[in-house]
Structure formats: C-alpha cells, structure tokens
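Turn these sequences into a full structure, and let the hints steer you where they fit.
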Amino acid sequence: MSEEKSLNFIEEIVENDLNSGKYETLVTRFPPEPNGYLHIGHAKAICLNFGLTQKYGGYTNLRFDDTNPVTEKTEYVNSQQEDIRWLGFNWKNELYASDYFDELYGFAVKLIEKGLAYVDESSADEIAALKGTPTEPGQDSPYRNRSIEENLAIFTKMKNGEFPDGAYILRAKIDMASPNMLMRDPIIYRIKHAGHHRTGNKWCIYPMYDFAHGQSDSIEHITHSICTLEYVSHRELYDWFIEKLEIFPSKQYEFARLNLTSTVMSKRKLLQLVNENLVNGWDDPRMPTISGLRRRGFTPKSIREFCERIGIAKRENLIELSLLEFCIREDLNKTANRVMAVLDPIKLVITNYEKGTEDLIGENNPEAENGGGTRVIPFSNELWIEREDFMEVPAKKWFRLAPGAMVRLKFAYIVKCEDFVKDENGNVTEIRCTYIPESKSGSDTSGINVKGTIHWVSAQHAKTAEIRLYDRLFTSETPDAEEGDFKDYLNPESLTVLPQAYIEPALADANLESRYQFIRKGYFCLDKDSTADNLVFNRTVTLKDTFKKPN
RNA sequence: UGUCCGAUAGUAUAAGGGUAGUACAACGGUUUUUGGUACCGUUUGUCUUGGUUCGAAUCCAGGUCGGACAACCA
Numbered sequence: 016m017s018e019e020k021s022l023n024f025i026e027e028i029v030e031n032d033l034n035s036g037k038y039e040t041l042v043t044r045f046p047p048e049p050n051g052y053l054h055i056g057h058a059k060a061i062c063l064n065f066g067l068t069q070k071y072g073g074y075t076n077l078r079f080d081d082t083n084p085v086t087e088k089t090e091y092v093n094s095q096q097e098d099i100r101w102l103g104f105n106w107k108n109e110l111y112a113s114d115y116f117d118e119l120y121g122f123a124v125k126l127i128e129k130g131l132a133y134v135d136e137s138s139a140d141e142i143a144a145l146k147g148t149p150t151e152p153g154q155d156s157p158y159r160n161r162s163i164e165e166n167l168a169i170f171t172k173m174k175n176g177e178f179p180d181g182a183y184i185l186r187a188k189i190d191m192a193s194p195n196m197l198m199r200d201p202i203i204y205r206i207k208h209a210g211h212h213r214t215g216n217k218w219c220i221y222p223m224y225d226f227a228h229g230q231s232d233s234i235e236h237i238t239h240s241i242c243t244l245e246y247v248s249h250r251e252l253y254d255w256f257i258e259k260l261e262i263f264p265s266k267q268y269e270f271a272r273l274n275l276t277s278t279v280m281s282k283r284k285l286l287q288l289v290n291e292n293l294v295n296g297w298d299d300p301r302m303p304t305i306s307g308l309r310r311r312g313f314t315p316k317s318i319r320e321f322c323e324r325i326g327i328a329k330r331e332n333l334i335e336l337s338l339l340e341f342c343i344r345e346d347l348n349k350t351a352n353r354v355m356a357v358l359d360p361i362k363l364v365i366t367n368y369e370k371g372t373e374d375l376i377g378e379n380n381p382e383a384e385n386g387g388g389t390r391v392i393p394f395s396n397e398l399w400i401e402r403e404d405f406m407e408v409p410a411k412k413w414f415r416l417a418p419g420a421m422v423r424l425k426f427a428y429i430v431k432c433e434d435f436v437k438d439e440n441g442n443v444t445e446i447r448c449t450y451i452p453e454s455k456s457g458s459d460t461s462g463i464n465v466k467g468t469i470h471w472v473s474a475q476h477a478k479t480a481e482i483r484l485y486d487r488l489f490t491s492e493t494p495d496a497e498e499g500d501f502k503d504y505l506n507p508e509s510l511t512v513l514p515q516a517y518i519e520p521a522l523a524d525a526n527l528e529s530r531y532q533f534i535r536k537g538y539f540c541l542d543k544d545s546t547a548d549n550l551v552f553n554r555t556v557t558l559k560d561t562f563k564k565p566n
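Numbering (this note's numbering), first residue to last: 16 to 566.
In short, the hints are calculated from the structure, not lab data. Hints are supplied without guarantee of correctness; some may be wrong.
As a list, the in silico DSSO-like pairs of lysine-lysine whose alpha-carbon atoms are at most 30 Å apart [as the list claims (entries may be wrong)]: (1) LYS425 - LYS478; (2) LYS411 - LYS362; (3) LYS207 - LYS282; (4) LYS425 - LYS411; (5) LYS37 - LYS70; (6) LYS425 - LYS455.
Quantities reported herein were computed from a predicted structural model and do not represent experimental measurements.
Listed below in structure tokens is the structure:
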C-alpha cells in the first residue's frame, strides 16, 4: 500500500490478512484497565491501534478491562477517555469487559460441561505448591476430577454468594506438566465480594484477565489483538480458550513496550510518586503521563510524531528523552509565538535615551506558515535584561554584554555598555548603556554589526509572572535498573520555581491553549494554577543550546 | 537448569539472498536581529563460530548475551 515508508511487522501482518481476504474489515481495540492514568507508553499503543484502522480502514474499540473491582475507578475511566480524545483519536464503541460478565459466566459453564474446567477448594498456598516451577512440572490438584454435576453445583453457589472470598476458585483443566506455566490449570474465576464501578454488587465472582481478554476480543470480532511482549506466553492460553469455546478466532500479536530514559513508566511506581507526594498529582508536568505532558505544554501532534518515530518492533528498547524533546520543539517552532520574558532580571539603564517611551514592532513568529504577524512592544530607558547576559570579565567568544561591548536589543536598538553598578557585596545591580539612535530595528542606518542579540522587557511596562522550570525527574537514565529504591534517584532539581519573572505586556492575555517561545529561553505555556494576578508559566522544553557556557 | 521472545552506529528503526540506509544524539561549517530555525558536512554499526551460496544483516546449526514466565493483578 505504501511504498515509500517501510511497514512495521504488524502492518505487514495486517496487509497480508487484508490482501489474502482473511478479513474484510480490520478491527482493533485499545484495552486499558481503569486503574490509573495513561502514560506515554499507552500513547504508543493508542497510536498503533487507532493508527492501523486509520490507515487500513475498519475501526477501533475502546474497551475497559475492568475485571478486578478492587483497583478500578470511574475517575480513571474518565481521565483515560479524555487523554485518548486529546491525542486526537475516536473510538467506534465504548465497551467494558464488565459488559460481558453474563456471557463470560456462560463460557465458564460451557467449559465445565465439556469437562474442561473444575472447582478447586485448595488454598492459594496449596495451589502454588502444586504449580511446580518453570523447570519442574506441577502436580494435579486433588479436586481435579470432580464430576461435572458437582462442579456446576458449586460454581452456581459461588456465583450466588454462598462462599467467602478464597473458598473456591474455578480452574481450566489443561496440563499441570505444561512447560508453559500459564497452561498449568490456570485460575479463571475467583470470588471477590467487592463492589464494581459499573456492575455494583451484582457479581461476587469475577473472571481473571486470561478468561476475559481473549473472549472479549472474540465477542467484538477483533481481528488483530495487539499487546505488549509480556503477554507472549499468554497467547497459548488465549488460543486455547477460543478453540475450546468455539468462538470467533481473534489473534494476538505482541510488540515491545516503550521505555524512556530518566523516567519510570510502571503504574505501580507512578502511583507511588503520586501517593507519596513526590510529585504534585498525576498531571504533574514532570510525569510521563499524558495529562502531565499536556500540562507541561506538549501538543498531541508532537506525541503522535514521537510515537511514529520510535517505531514498532519486538526487541526491548530504551528511547532517549532527547527524541521526545526534538518532537515538541519541531512542532512548537512552527506554531509558538515569540515573546520576551526575563527570568532572572538585572536592570539596564540607557543613559542617552531622551524619548521616555516608544512603541516598537515585534514579529510574532518568523517560522509560521502565515508569517505570524506582528505586535507592539513598549520600550523605555529602563529595561530588565537577563543577568546571565552580562559578564564583568567576558569569556572568550562572548557575544553578549560586557564593559565596552555592544549588543542588539531584540526588535530595538544597539546598545553599548559604558558602566555598571555593584552593591556592597560585589554583586552587579545595574548596567549602564548608551544606545545608537540610528540602529533601530528595521531601519538601521548605523552600519554597525554586532554578534549578540539579547531579549529584554521595559521595566515600567513589565508584568510579573511565576515561572516553573522543569528538568528530568530522575538523575539516572535508568532508574528502574539502579540498585536500591528507584526513588533514591529522584532529581532534587526537577522543579525550579521563579516567583517573580518579568514578562512583556502582550503576555497578559495568555490562555491555557497558548504556546509561546520566550525568545532564547525555551517554549512555555500557561499553567492551570494561574490566577488573574498571578500568571504561572511552565517551561515545556528549553531551546536547543549549542553555546558552551564559560566557567 | 526448562520453555518462549529477541540481538544492525550512542539510541531507535530500515534493507526480506545482490551498494548496510534513515532519524535522533554528538561533532564541524554556512546563513541568521534568538549561541534558536534552516542548510551542508563528519564520526560511529550487522553479537559470535561454523555451514549453505557466485554472493548472507537476511537462510541453517551451535554458542554468547538480554528479556519474559512459578499474583485468587492486568
């Protein structure tokens, strides 16, 4: 179908199945368990499943895999839906494994009637003891040969709530000596007297993952059930149930999950960060969750592009965070308006500027397709500039301000540093410059060329804002692989708050959808914590910086 | 001492018996009123040993290394 771009192995399978006429319509599903927030790893699976049906036709279902009532919540259902929509995908049907509880119960009865399932009253420990190990076969349970009638009778009582949790379980009767541990009479139903987020108290027995997932796929006529590599050994069981139940033969395919440097991706660990207040909630901008990335300022497009670039394969991988950063910079470079903000201010006074104030014109975004337009920027003789743009003793190849040096003020004039003021502690408190009147941006007749251009904000016109700078969450690229607790490798400098930065007046009407490039400082967006008097900006990502800082 | 999955530049991903390519990263250069962008260039690779073949990253066999599997989790 597409000749230019090579296909990943799943696309090849799909194309073959479609071309051979094995299936007329491609049907995939995204099946999260509603027990946490979706993260960038889920985004990979979402882009794969929805991307496949966008490319080849057919449709994708959203199915919540809600077979364990004690971990699942409606809050998570809602957040997961929001995140998928935000990424730009639409599901055909919103479904729940719990929709199939009646049908699944029927499947279990059918298996019992075929002599392929039995009720076991062994304890969890007893079952584990007879399970064997990966290198030794297991042994049959003493209850394995109960009659079909007795199995049926007890299973009915299990369903009717006549037993406490753990008293009985239903097992598939397969092979206790199988080299695949999952085939050693896996548990398929357990008793749990727990309220379910959708079915309430209707049920007190719940199917296990292996007895719900494949059957749910089959009920929905999913043609390609795509999951991650850790389910490879489940495939044999997946196929076994479908064969014995004689239902629609969905097929499972596995790809390697995403791993990203300097973060963790397991739900357990993310939940820990949230519960122990090591981050500020699931949508903390340092989190690899979709909601965290959204709040950080990532765009859906950048995440889709990232998922496209990392590819789909079967080998374990560890993607460098720099690729994600590349994807968001690439998008924002084209779309974000350029504005000026001074994060760490120092005063600059222009001693020969007599005009008081003046309105200058700034280009919003020279990289935008439509040119970006312009805006008014007020200028005056007292400005804030970035402290790091002045060096009392300039380093080699220093393009910025230093005694006697000239720089251009972006969109404005060229200035020359004549003097500077220090306080009693030796800290520079003010820089004094003269400006070149004929060097005005756009009508420069001075003939002077300077190497450096710096950003600034007029002191009397500036607004203030709180700025939050983010860095990687962990100091280790592989916090999962380090010895000890992964939390020992949290980066203490992952969040830096600048309570009072100066921003140009045009920024006062920023909204939560706006994306900005603060010239020379990075890409920023408004945070939801903002109020009318206290604007808060998040730094999404810095600009690429090839300047090697002196000292 | 098992079964299954995998192995191509630093990181990913192509090449499906016939020139090892692409992206990110790194490094260098040109342009630039952002040390940004854009453009150009450089460095770095087929786990290993055999076999089949005129020819192997690709097919076969052995080895090595990495991962998964013993939750009434998904």
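Verification of the supplied hints:
1. LYS425 - LYS478: holds (18 Å)
2. LYS411 - LYS362: With Cα atoms ~24 Å apart, LYS411 and LYS362 stay inside 30 Å; holds.
3. LYS207 - LYS282: OK: LYS207 and LYS282 at ~23 Å, within 30 Å.
4. LYS425 - LYS411: Holds: LYS425 and LYS411 sit about 23 Å apart, inside 30 Å.
5. LYS37 - LYS70: Within the cut-off at roughly 18 Å; holds.
6. LYS425 - LYS455: holds (10 Å)
The structure is consistent with each of the numbered hints, conforming to all of them.
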